[in-house]
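There are 2 protein chains.
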Amino acid sequence: MHRILCVLLLGATGPGLAADQLPSWNDSPTKAAVLDFVRNVTADGTEGFVPASERIAVFDNDGTLWSENPLPFQVAYVFDMTRTLAARDPEVAANAMVQAANAGNVKKLLEGKHHDGLMQIMSLTHAGMSTEEFDDSVRHWIESARHPRFGERYDRLTYQPMQELLDYLRANGFKTYIVSGGGADFMRVWSERVYGIPPEQVIGSYGRTEFKLTDNGPVLTKALDHIFVDDKEGKPVAIHQFIGRRPIACFGNSDGDQAMMEYTTINNPHPSIGVIVHHTDADREYAYDEKPKSSGKLFTALKDAPKRGWQIIDMKRDWKTVFPSTSQH
Amino acid sequence: MHRILCVLLLGATGPGLAADQLPSWNDSPTKAAVLDFVRNVTADGTEGFVPASERIAVFDNDGTLWSENPLPFQVAYVFDMTRTLAARDPEVAANAMVQAANAGNVKKLLEGKHHDGLMQIMSLTHAGMSTEEFDDSVRHWIESARHPRFGERYDRLTYQPMQELLDYLRANGFKTYIVSGGGADFMRVWSERVYGIPPEQVIGSYGRTEFKLTDNGPVLTKALDHIFVDDKEGKPVAIHQFIGRRPIACFGNSDGDQAMMEYTTINNPHPSIGVIVHHTDADREYAYDEKPKSSGKLFTALKDAPKRGWQIIDMKRDWKTVFPSTSQH
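Those sequence lines, one after another, are chains A and B. When the count follows my numbering, it moves up by one through the first sequence with no breaks and lands on 930 for the last residue. When the count follows my numbering, it moves up by one through the second sequence with no breaks and lands on 930 for the last residue.
Where hints are given, some of them may not hold.
Remember, identical chains collapse to one label, so a pair may be satisfied in a single copy or spanning two.
In the DSS-like style, the derived pairs of lysine-lysine whose C-alpha atoms are separated by at most 27 Å in a straight line are [as the list claims (entries may be wrong)]:
#1 Lys-813 to Lys-714
#2 Lys-904 to Lys-632
#3 Lys-813 to Lys-898
#4 Lys-714 to Lys-833
By construction, these hints were calculated from the structure, which means they are not laboratory data.
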């Protein structure tokens with residue numbers, strides 16, 4: 602009787618009690634596990650309850666919140682920018698690594714122990730400018746560039762079911778973070794608009810900037826010193842550095858997310874959940890795991906999933922729609 | 602008429618309209634400037650309005666939120682720990698730098714280009730243990746150690762007027778951050794309890810940890826690699842790295858805070874404020890600026906303050922009380 606009254610009174614405003622909060626998800630064990638977990642940690646007075654301040658959820662970005670094919674989107678940005686710079690400056694155009702980039706020859710860029718080619722390209726496109734100049738460049742690119750297969754803006758190729766999950770977790774008091782191998786500065790330009798995740802909750806790879814007070818005011822110049830790569834073991838390291846406490850929910854899609862999945866779920870004093878997006882849908886998106894054409898290798902994390910109790914999102918089975926409905930495919 | 606009605610209806614719940622939100626502050630130009638600034642940026646529909654998501658306020662810690670004399674409190678922790686370790690282990694006790702630390706000989710510790718002595722002491726007290734072990738050690742110390750002059754727990758020597766300011770800013774939609782030269786891991790142990798500032802809003806100096814999955818679960822081990830010193834030009838660099846947008850309010854007390862004060866207030870597209878705590882009260886706390894006995898040198902920032910429009914808190918003039926009333930002096 603009491604419970605029915607609660608349901609009636611709270612109605613559509615009580616998270617979890619309302620109609621389906623994850624409408625783009627088919628009913629599946631994975632969806633049920635996520636809903637159970639959230640119900641459990643938000644049930645005040647029970648053993649599994651976690652105070653809101655400790656409800657930290659971390660999400661990989663490429664392949665977890667948006668697509669990463671045919672190339673991670675930031676690499677598409679780098680190649681587009683390299684082409685633009687080469688068209689503007691003959692000296693840049695004559696650079697062998699720029700030519701490799703313009704030919705899409707990723708293999709050549711990655712040659713050598715220190716990936717000298719890639720570093721040259723990164724230094725052209727990600728350093729030597731102010732943080733504002735870089736932001737403007739990314740903003741302009743994301744408005745104008747289109748995905749080669751879907752013909753859409755890249756920021757419209759986020760996963761609708763994951764967008765719903767972000768909203769659902771936040772409605773239940775979670776703080777949602779991106780923890781991605783992508784560049785922090787690159788993602789922060791659009792993360793708040795696209796995911797509702799503010800810049801201060803975006804953790805990514807970064808180089809240290811340099812501060813100068815100039816006649817035109819303070820300037821932070823992007824550099825490639827002290828580069829931190831936010832991937833694999835770097836992810837829990839970055840989580841400690843930026844957040845300072847263990848997450849209780851982790852969402853990823855590749856072996857690069859395995860360490861943060863372990864950090865989240867193994868021996869956590871709180872209840873916790875780890876979820877892997879498995880790309881199984883070549884028709885609507887892409888299908889890959891241990892031998893991806895681009896990034897996103899998923900082998901050891903998938904192998905360990907049963908032992909660790911990690912949930913698998915089978916994209917083909919679990920998602921009613923993949924992209925937001927504004928996208929036309 | 603309409604305005605009076607609003608005041609009546611909002612009463613004590615409307616921030617800024619209620620009774621004095623900063624009761625430990627005497628009326629002064631500085632208090633008025635802070636109140637004006639907050640009224641200005643929260644007045645929806647006016648030119649000075651700043652959306653809540655961009656109301657970032659950054660606070661130095663040592664000398665701004667709590668005392669830094671006779672030594673920065675984290676240095677007191679280091680010296681106490683060195684003594685404990687030396688009592689436990691004859692080999693540690695025989696170390697010349699440990700002996701210098703135990704004699705309070707800071708000068709010897711800072712000798713040489715790389716401050717080898719200090720690094721040895723830091724490596725004994727801040728590295729080689731798990732993040733949990735370090736947290737436990739800091740927690741135990743802060744419960745047991747007492748300040749040599751005031752006889753109080755160190756975490757009771759925060760400034761009551763600044764505590765009120767933190768609350769006041771948060772009640773007006775600000776996100777409050779610490780940006781301190783102190784160690785992030787050291788401050789995060791108690792920042793939420795003491796200041797209401799959660800770990801993820803504490804930015805400080807740090808070394809990179811190392812992640813390992815052991816038989817007992819995931820472990821992050823503290824190391825002294827890739828040390829980042831969050832002071833001077835490092836502060837705006839860290840603000841960009843951790844927050845990713847410019848603050849609109851900055852509170853500091855030394856030349857080490859000048860760069861972040863400049864970053865906050867010069868050519869900021871939003872209204873902004875910079876405030877310097879000037880230690881002028883030897884009776885109730887300490888009096889120092891350009892020649893401090895410990896840390897907290899304040900010379901160039903004070904000199905530039907009029908030109909930059911930075912506000913000065915004259916501790917003796919502006920604060921009714923210095924420490925929370927639970928402290929008995």
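These are the hints, each one checked on the structure:
When the C-alpha separation of Lys-813 and Lys-714 is checked against a cutoff of 27 Å, the pair qualifies only between copies, where the shortest distance is 24 Å, while the shortest distance within a copy is 33 Å. In this assembly of identical chains, Lys-904 and Lys-632 lie within 27 Å of each other by CA distance solely inside one copy; the values are 20 Å within and 61 Å between copies. Taking the closest pair of Cα atoms, Lys-813 and Lys-898 come within 27 Å of each other only across two copies (21 Å); inside a single copy the shortest separation is 41 Å, beyond that limit. For a Cα distance limit of 27 Å, the shortest separation of Lys-714 from Lys-833 inside one copy, 18 Å, qualifies, whereas the shortest one across copies, 35 Å, does not.
Checked against the numbered hints given earlier, the structure satisfies every one of them.
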